[in-house]
Amino acid sequence: MTLDRRNFIKVLGSASGLALAGCATQGSVGSTSEIMPKGPARRVVVLGGGYGGAIAAKYVRMLDKSIEVVLIEKNKQFISCPFSNFYIAGLMNDMSALTIGYDKLAANHGIKMLFAEATAIDPAAKKVITTEGAVTYDRLIVSPGIDFRNEEVEGYTADTANIIPHAWKAGAQSTLLRNQLQAMPDGGKVVISMPLAPFRCPPGPYERATLIALYLKKHKPKSKLILLDANADIVAKKPLFMKAWNNYYKGILEYMPGKKVTAVDAAKKTLLVEGIEEFKGDVVNFIPAQRAAAIAGKAGLIGEDKKWCPVNMTTFESTLQKNIHVIGDSAIAGAMPKSGYSANSQAKVCAINIVALMNGKELTELSGVNVCYSAISDHESISVAAVYTIKDGKIVSVPNSGGISPVDFSMTKAEHAYGESWLRNILTEMST
Amino acid sequence: MKQRWSMWVLAAGALSLSTTAFAAAPPTAEMISFSCAGCHGTSGGSAGLTMPSLASQSKTAIVDAMKKFKSGERPSTVMGRIAKGYSEADFNLMAEYFSSQKFHPTQQVVDAAKVKKGASLQEANCSRCHLEDGKEGKDDTPVMASQWLTYLQMQMALYQSGARKMPEKMAEKVKPLSKEDLEALLHFYASVK
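Quick note, the sequences are listed as chains A and B, same order.
Following our numbering, the numbering of the first sequence begins with 1 at its first residue and continues without gaps.
Following our numbering, the numbering of the second sequence begins with 433 at its first residue and continues without gaps.
Please note that the accuracy of each hint is not assured.
One-sided excerpt, in silico: chain B residues whose CB lies under 8 Å from chain A [unchecked claim]:
1) Val510
2) Pro537
3) Gln539
Ranges between beta-carbon positions, derived for each pair [stated by the list, open to error]:
4) B:Ala545 - A:Thr99: 35 to 41 Å
5) A:Gly101 - B:Lys607: 18 to 24 Å
6) A:Leu91 - B:Lys601: 41 to 47 Å
7) B:Lys607 - A:Ala172: 55 to 61 Å
8) A:Pro198 - B:Cys561: 45 to 51 Å
9) B:Gly594 - A:Asn162: 52 to 58 Å
10) A:Ala232 - B:Val542: 49 to 55 Å
In case anyone wonders, no lab produced these hints; they're calculated from the structure.
Note that CB positions come from ideal geometry on N, CA and C, so glycine has one too.
Whole structure, please, built from the sequences with the hints as guidance.
Encoded structure:
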């Protein structure tokens, strides 16, 4: 009885003096004692409350109230990566417009929150092990985001990101980069390094370079920015970014393709390209290459490429582990990019088909969307949009649809306003 | 013990399903429409000032809008590119879904004097098509009530510039109205809950 009550309070997250997970027990191995004993109701556990997981949890409940949903998330608040470049470049004063909580989402849909860090998954026992205890599932949705392949970079240590931030997970890292930019004297040099595709948010590094160039132009006009791209060419919204750089940021922003950083020296704020060419900055933003988050690896969800999780593109069920579904940045989802909107869209497809599977109903083919805005100034934005379908088991773009904004920039002002609404709608969808 | 047994049965059932079920039916109304919600809000209730709520719109209005986005007749930023990804049958499924969602009231700041003036202008000029103070969508007439003022203003600007074509009946009624009258009307519609 006492145990039940304790669990109940924790699960609701209404911390009446009880320590909430994650922060108190960082780095611990987790407990295998059952924290939320499973009753007769069927249960879906969702791991990760970001763009994918929060939506998956919500839509499973919207589609079938008889299925219990437990959402496991490390942090009590979620901070959006999309639009965090606005904050970094000083176009937002703080991160309040990027931040959401889970209270309303949980209350509106009867989702059971567990604020804890998942430390392991036991696919045979159908259990997630967390810092607060074990949780049993019938089906598990894993939406853990990315981790960095730091081991591929010579000189990268546990402390590197505290000196040369990646700022590729929004929050303290974003603040660090912003503060470094603000502290940099006029005439300084900013170096941004971006990895080979695929990585989270393909247009993100280009938008970041653009908005930091805007910041320099406005506040530190003698400064320079170099964008080192490991790719041979711009991988997203190319003609639009090129035009923006040419029209607005000439002499400030220099784009250098084919520059793969292989070593870093954080103390000297230096990046080494292919072991020979050295780039030193006053502010260095090194975005390492990426893979599915560590928990996906521990659960045996990462495929032959040793980076990402192969899934059935109708159900998003892992092709490697039964009853575990993977969505968002960590999944291999055909033509869908690793974006917030893709994760949102995949979460719904996954929810529809998990509910079908659990009720013995027919599956439904994927229909998905991606819409992504990037700002090119403080009042202009550009976009890419796509509609996805499934062909021979693979997610593909519907032919002759989607694409980028007109290159004449006739829509950029309107798209800036639409971008703001995009953020508001998608975060509202995740938090209510 | 009893609980445990039922868990086993469920687990075994799920396993056999996931191995056998590969065939999938074509996208349903929900499958297609859920993708719209990232920008238009869950169940088509928008929280973004430039995005219209789709909830409770009439089927004809939705299909009509999507066809015009697809052909380029109605100007847009992303909607034209997105509409090209769907067939007319898909538009009908979206229409079926959003028309059956509950009306989405919004809380927004409006000018009380403009709302008052707008109310009488609506009654005198628009009420034959925009039924129930714009709350009811009929045929190709969209639901105006509670749409965000910013969205309404952007659309009216497109009408005024000629980029978006007004239906003839609407053009007749709008022509004699002043800029201030139109602004008052939009404040009125935004205020209706």
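Kindly indicate which numbered hints from before are broken by the structure, ordering the numbers from low to high. 2, 3 and 5
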